[in-house]
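In my numbering, the protein residues as written are 66 to 411.
It is possible that part of the hints are untrue.
The list that follows gives simulated cross-link-like pairs (lysine-lysine, BS3-like), each with its CA atoms no further than 27 Å apart [said to hold, decoys possible]: (1) Lys-234 to Lys-92; (2) Lys-234 to Lys-285; (3) Lys-183 to Lys-125; (4) Lys-163 to Lys-281; (5) Lys-92 to Lys-163; (6) Lys-285 to Lys-300; (7) Lys-159 to Lys-281; (8) Lys-159 to Lys-285; (9) Lys-159 to Lys-99; (10) Lys-92 to Lys-281.
Calculated directly from the structure, the hints in this document are not laboratory data.
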Amino acid sequence: MNILHAHSHFAFAGWVFLAFVLIFANKLPVQHQKSFSWIALLTILSSYGMLVSFSIQGYKLISIILSTLFLFVTYWFAYVVLGRLRQMGQLVSKQLIKASIWFLILSSVGPFALGFLKVLGYSGVVYQNAIYFYLHFQLNGWMLLAALGLIALEFLKDQNHQPISTWLKLFIGSTLPLFFIFTLWAKPLQYVYIIAFLSALLHAISWFVMLFKLRKRTAKLPYSINFVVLAISLKVLFQVIICLPEVSSWVASQRNLIIGYLHLITLGCITPVLFHQLILKTIQTELLNRFYLLLSFAYVFLLFLQPFLGLYAVVIPYYQDLLFIISVLFAGLGLFYYLRLRLLRV
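Turn these sequences into a full structure, and let the hints steer you where they fit.
So this is what it looks like as structure tokens:
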């Protein structure tokens with residue numbers, strides 16, 4: 066469990082958040098460059114500190130201090146970015162990035178609530194839902210909307226696209242009640258299922274309407290960004306399906322489905338955008354890029370496939386070994402990206 070906590074904290078802070086810091090520092094109107102440098106440095110220190118401390122001791126004093134430090138770093142980042150967004154026009158990208166920053170701030174309620182609940186001796190449903198609160202607003206709020214904001218900044222930069230303004234607001238706004246899909250595991254009251262379903266349905270409809278209205282633009286997207294569009298489309302459909310009571314109960318009992326959903330977002334919706342911004346424009350890594358997308362598809366596909374095969378008492382041979390091998394290949398791929406960048410600098 067300690068390794069799992071280390072993995073999630075390092076992935077969120079040391080990879081996704083740090084990558085967005087570096088990208089925003091170069092994408093948004095030039096100002097406060099020194100602030101971004103300090104934010105990046107503190108993020109590196111806290112993320113590597115969490116990687117070590119969570120691996121060794123789990124949720125203990127040092128890990129809590131470093132986690133709290135990171136939360137305050139995100140507040141500083143939010144303050145700087147919101148200030149720079151005021152210099153932008155009413156573009157789609159501004160709306161998405163601004164919303165993502167507010168969801169980043171909102172997500173921090175989860176970790177602070179965990180500490181409060183622990184002091185009071187609460188556990189069980191309330192404690193677990195506080196964790197899911199953080200995960201939802203990090204993944205579906207902050208990370209996803211920030212990634213979409215970067216896509217819009219690059220590919221929709223010359224228009225504010227009034228035709229999608231209403232649907233964009235609905236897509237962003239439905240993220241708030243969409244949190245309730247993360248509470249269905251506890252079999253809540255009927256009205257919670259209704260709110261979750263309507264939120265997921267509105268989220269999906271607004272997404273597909275925006276895709277339809279922007280279909281001429283999306284037809285010209287690079288293959289890596291089209292992969293992101295496909296991943297988000299699958300994600301919003303999955304969210305609607307799991308709101309059915311019978312399905313949500315089954316999903317809650319299938320850990321791999323939950324892990325698959327989380328990795329569908331991180332590997333399929335977020336990371337390709339970060340690679341596109343950080344690497345694809347700098348060096349030619351066509352083979353590595355395609356290999357990454359292949360690995361991401363294989364990993365998420367296996368995570369989703371086994372629970373469904375389990376309904377028919379079918380087990381994928383060497384299932385855990387396959388997941389481990391793909392994980393090692395991901396690490397190797399990261400090393401190749403690093404070496405390619407080093408060669409470019411030399």
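Outcome of the hint check:
1. Restraint check for Lys-234 and Lys-92: the C-alpha separation of about 23 Å stays at or below 27 Å, so the hint holds.
2. Among the hinted pairs, Lys-234 with Lys-285 is consistent with the structure: their alpha-carbon atoms are about 24 Å apart, no more than 27 Å.
3. Taken as a hint, the Lys-183 and Lys-125 pair is honoured in the structure, with Cα atoms around 12 Å apart against an allowance of 27 Å.
4. Proximity of Lys-163 to Lys-281 is assessed by CA-CA distance (about 26 Å); at most 27 Å being required, the pair is judged to hold.
5. As the CA atoms of Lys-92 and Lys-163 are separated by approximately 14 Å, the hinted pair is consistent with the 27 Å bound.
6. Proximity of Lys-285 to Lys-300 is assessed by CA-CA distance (about 22 Å); at most 27 Å being required, the pair is judged to hold.
7. Between Lys-159 and Lys-281, the direct Cα distance comes to roughly 21 Å. Compliance with the 27 Å bound is thereby established for this hinted pair.
8. At roughly 22 Å between alpha-carbon atoms, Lys-159 and Lys-285 fall within 27 Å of each other, so this suggested pair holds.
9. A threshold of 27 Å between alpha carbons decides the hint, and for Lys-159 with Lys-99 the separation of about 22 Å falls inside it, so the pair holds.
10. The suggested pairing of Lys-92 with Lys-281 holds, with an alpha-carbon distance near 25 Å, which does not exceed 27 Å.
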